[in-house]
Amino acid sequence: MMSDDHTQKESILLVDDNPINLQVLFQTLEGMGCRMLVAKDGQTALTIADKKLPDLILLDIMMPGMDGYEVCRRLKSRPLTQNIPVIFLSALSETEDKVKGLNIGAVDYITKPFQPEEVIARVNTHLTIHRLKSEVQTQKDQLEQELKTVSDLQCDLLPEKLPDIDGLELAVYYETSRYAGGDYYDFSEMPDNRLGILMADAEGHSAPAAVRMAMTRALFSAYPSAPSDPADVLTYLNRHLCKVVEPSFITALYMVYDAHQQLMQMANAGHPPPLIYHVSDGAVTTWSMRGLFPMGIDLYDHVPVSEKKLEKGDRLLLYTDGVTERFNPAGEMYGEQRLIKQFAAGPAGNTKDILDGIIYDVEKFADGQSADDDQVLLVVVVE
Amino acid sequence: MEITHKEESGILLIALKGRLDGSTVQSAERSINEILGRGSDRLLFDFSELEYLSSGGLRVILSAAKEIKRRAGRIVLCAMQNYVKEIFEVSGFTAIIPIKDTVESGIAELQ
Numbered sequence: 126m127m128s129d130d131h132t133q134k135e136s137i138l139l140v141d142d143n144p145i146n147l148q149v150l151f152q153t154l155e156g157m158g159c160r161m162l163v164a165k166d167g168q169t170a171l172t173i174a175d176k177k178l179p180d181l182i183l184l185d186i187m188m189p190g191m192d193g194y195e196v197c198r199r200l201k202s203r204p205l206t207q208n209i210p211v212i213f214l215s216a217l218s219e220t221e222d223k224v225k226g227l228n229i230g231a232v233d234y235i236t237k238p239f240q241p242e243e244v245i246a247r248v249n250t251h252l253t254i255h256r257l258k259s260e261v262q263t264q265k266d267q268l269e270q271e272l273k274t275v276s277d278l279q280c281d282l283l284p285e286k287l288p289d290i291d292g293l294e295l296a297v298y299y300e301t302s303r304y305a306g307g308d309y310y311d312f313s314e315m316p317d318n319r320l321g322i323l324m325a326d327a328e329g330h331s332a333p334a335a336v337r338m339a340m341t342r343a344l345f346s347a348y349p350s351a352p353s354d355p356a357d358v359l360t361y362l363n364r365h366l367c368k369v370v371e372p373s374f375i376t377a378l379y380m381v382y383d384a385h386q387q388l389m390q391m392a393n394a395g396h397p398p399p400l401i402y403h404v405s406d407g408a409v410t411t412w413s414m415r416g417l418f419p420m421g422i423d424l425y426d427h428v429p430v431s432e433k434k435l436e437k438g439d440r441l442l443l444y445t446d447g448v449t450e451r452f453n454p455a456g457e458m459y460g461e462q463r464l465i466k467q468f469a470a471g472p473a474g475n476t477k478d479i480l481d482g483i484i485y486d487v488e489k490f491a492d493g494q495s496a497d498d499d500q501v502l503l504v505v506v507v508e
Numbered sequence: 161m162e163i164t165h166k167e168e169s170g171i172l173l174i175a176l177k178g179r180l181d182g183s184t185v186q187s188a189e190r191s192i193n194e195i196l197g198r199g200s201d202r203l204l205f206d207f208s209e210l211e212y213l214s215s216g217g218l219r220v221i222l223s224a225a226k227e228i229k230r231r232a233g234r235i236v237l238c239a240m241q242n243y244v245k246e247i248f249e250v251s252g253f254t255a256i257i258p259i260k261d262t263v264e265s266g267i268a269e270l271q
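Top to bottom, those sequences are chains A and B. With the first sequence counted from 1, adding 125 to any position gets you this note's numbering. With the second sequence counted from 1, adding 160 to any position gets you this note's numbering.
Don't read these hints as lab results, they were simulated from the structure. Check before you lean on any hint, since a few could be wrong.
Distance ranges between label pairs, derived from CB positions [as the list claims (entries may be wrong)]:
id	chain 1	residue 1	chain 2	residue 2	range
1	B	K226	A	S259	39 to 49 Å
2	B	K226	A	G158	50 to 60 Å
3	A	Q264	B	S183	17 to 27 Å
Below are the PhoX-like pairs computed for lysine-lysine, each with C-alpha atoms no more than 25 Å apart in a straight line [to be verified]:
id	chain 1	residue 1	chain 2	residue 2
4	B	K260	B	K245
5	B	K245	A	K466
6	A	K368	B	K226
Partial list, computed: chain B residues near chain A (C-beta under 10 Å) [unchecked claim]:
id	residue
7	E162
8	A175
9	R198
10	S208
11	Y212
12	S223
13	N242
14	E246
15	S251
16	F253
17	T254
Given the structure is predicted, the values throughout are model-derived calculations rather than measurements. All residues carry an ideal CB built from backbone N, CA and C; glycine is no exception.
Could you put together the complete structure from these sequences and hints?
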């Protein structure tokens with residue numbers, strides 16, 4: 126039933142300056158159930174093509190005025206008509222004529238005098254190809270649109286603004302590789318000038334990763350008390366994620382900063398360790414700790430917490446592996462070492478400038494090679 | 161990405177060569193699942209020629225480990241290049257899957 130509907134809707138434009146040829150073609154094809162349109166010259170053919178957008182055009186080459194080659198060229202140069210398949214139908218039977226016709230964008234070439242069965246068979250084939258191509262394109266557009274919607278929803282899940290904590294300045298960069306992604310960051314402002322910082326990366330990309338990211342976010346926002354203990358927070362998230370994310374996983378780190386004591390605590394579940402820039406000696410170190418596997422795999426027996434006393438001017442860089450695993454056209458990876466070097470060289474003061482410097486360095490390295498993974502960078506400066 | 165496998169005295173040895181990343185993860189996962197489908201319960205991954213693995217690659221290894229665990233079997237990873245080893249260490253996977261320096265010590269671990 127579906128295919129009948131399609132056939133009824135399809136239209137074919139016949140273009141020939143000879144009325145007898147048109148008549149014969151019309152009779153040959155009318156049994157196919159398509160709507161038939163006719164034009165006796167090139168200009169009329171273009172006008173009808175623009176107005177009616179036929180599904181196929183059978184085009185004579187030798188016509189007074191504008192010839193078939195020119196009609197085809199013009200059809201192919203306009204966005205509106207360029208995807209309409211054109212079959213040349215001509216008494217010109219030399220190979221070079223056929224090659225010329227195919228080179229300017231025709232899908233087929235039939236020589237006159239033609240056999241009706243051959244014309245019907247070829248017209249059928251090209252109508253089918255055209256129909257399938259349109260269907261694929263429509264589905265692709267629809268998928269892209271859905272993915273874009275997921276991405277917009279996902280951006281709504283990220284914090285609207287950066288937290289306002291005395292003694293701490295933040296700047297963040299978030300970029301998904303192809304619309305939706307699995308990277309996530311969040312904050313929790315607690316009493317007494319304490320701040321919780323969560324960064325997570327759901328493995329994979331696109332819609333499945335976005336769903337896992339959204340689940341993590343929902344769980345974090347439903348945390349039953351003030352999320353002031355990094356071990357408890359990751360234990361809680363993991364316990365719930367273990368029920369739902371298999372066979373995937375989510376790396377995460379959770380930090381709690383106490384502005385009064387200038388003390389940062391961290392628990393890390395398989396996430397790239399943050400970098401610390403120490404203002405005292407200008408050195409950058411990696412805040413590594415004993416590895417805890419990512420969330421969603423198995424329950425944790427024990428979540429280790431590490432803490433560091435920070436000084437005014439110290440900086441922290443949290444990131445997801447999409448940054449360090451950016452590739453350049455030569456197949457080299459940006460890597461942690463380049464990130465450390467750039468972070469160490471970053472300008473003093475403004476967190477936004479520090480962040481922009483890193484983004485610039487990564488993009489310069491990637492040299493136009495697009496990102497395979499989502500990227501998040503979060504710069505924290507103690508003031 | 162090239163995946164080869166052989167069986168040696170009851171141990172299934174799977175060797176990965178090249179890069180296990182976004183462009184190869186899906187086909188690698190299919191191949192590994194097919195190899196595991198034959199029902200071995202002692203699995204050794206030889207990573208000596210594995211140059212890189214993404215987080216998607218980690219998931220493939222994790223799925224294999226879970227499958228072996230379901231069969232009450234054992235899995236060992238061995239002969240990692242430094243960069244790959246770093247990925248396993250940073251991601252904490254070393255805590256859930258045993259890692260050995262050489263293929264020989266990997267086999268010994270599983271015997």
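Cross-check of the supplied hints:
no.: 1; hint: B:K226 to A:S259: 39 to 49 Å; in the structure: 43 Å, holds
no.: 2; hint: B:K226 to A:G158: 50 to 60 Å; in the structure: 55 Å, holds
no.: 3; hint: A:Q264 to B:S183: 17 to 27 Å; in the structure: 23 Å, holds
no.: 4; hint: B:K260 to B:K245; in the structure: 10 Å, holds
no.: 5; hint: B:K245 to A:K466; in the structure: 22 Å, holds
no.: 6; hint: A:K368 to B:K226; in the structure: 15 Å, holds
no.: 7; hint: E162; in the structure: 17 Å, violated
no.: 8; hint: A175; in the structure: 22 Å, violated
no.: 9; hint: R198; in the structure: 20 Å, violated
no.: 10; hint: S208; in the structure: 20 Å, violated
no.: 11; hint: Y212; in the structure: 8 Å, holds
no.: 12; hint: S223; in the structure: 5 Å, holds
no.: 13; hint: N242; in the structure: 12 Å, violated
no.: 14; hint: E246; in the structure: 9 Å, holds
no.: 15; hint: S251; in the structure: 4 Å, holds
no.: 16; hint: F253; in the structure: 6 Å, holds
no.: 17; hint: T254; in the structure: 6 Å, holds
Going down the numbered hints, you'll see the structure goes against 7, 8, 9, 10, 13, while the others check out.
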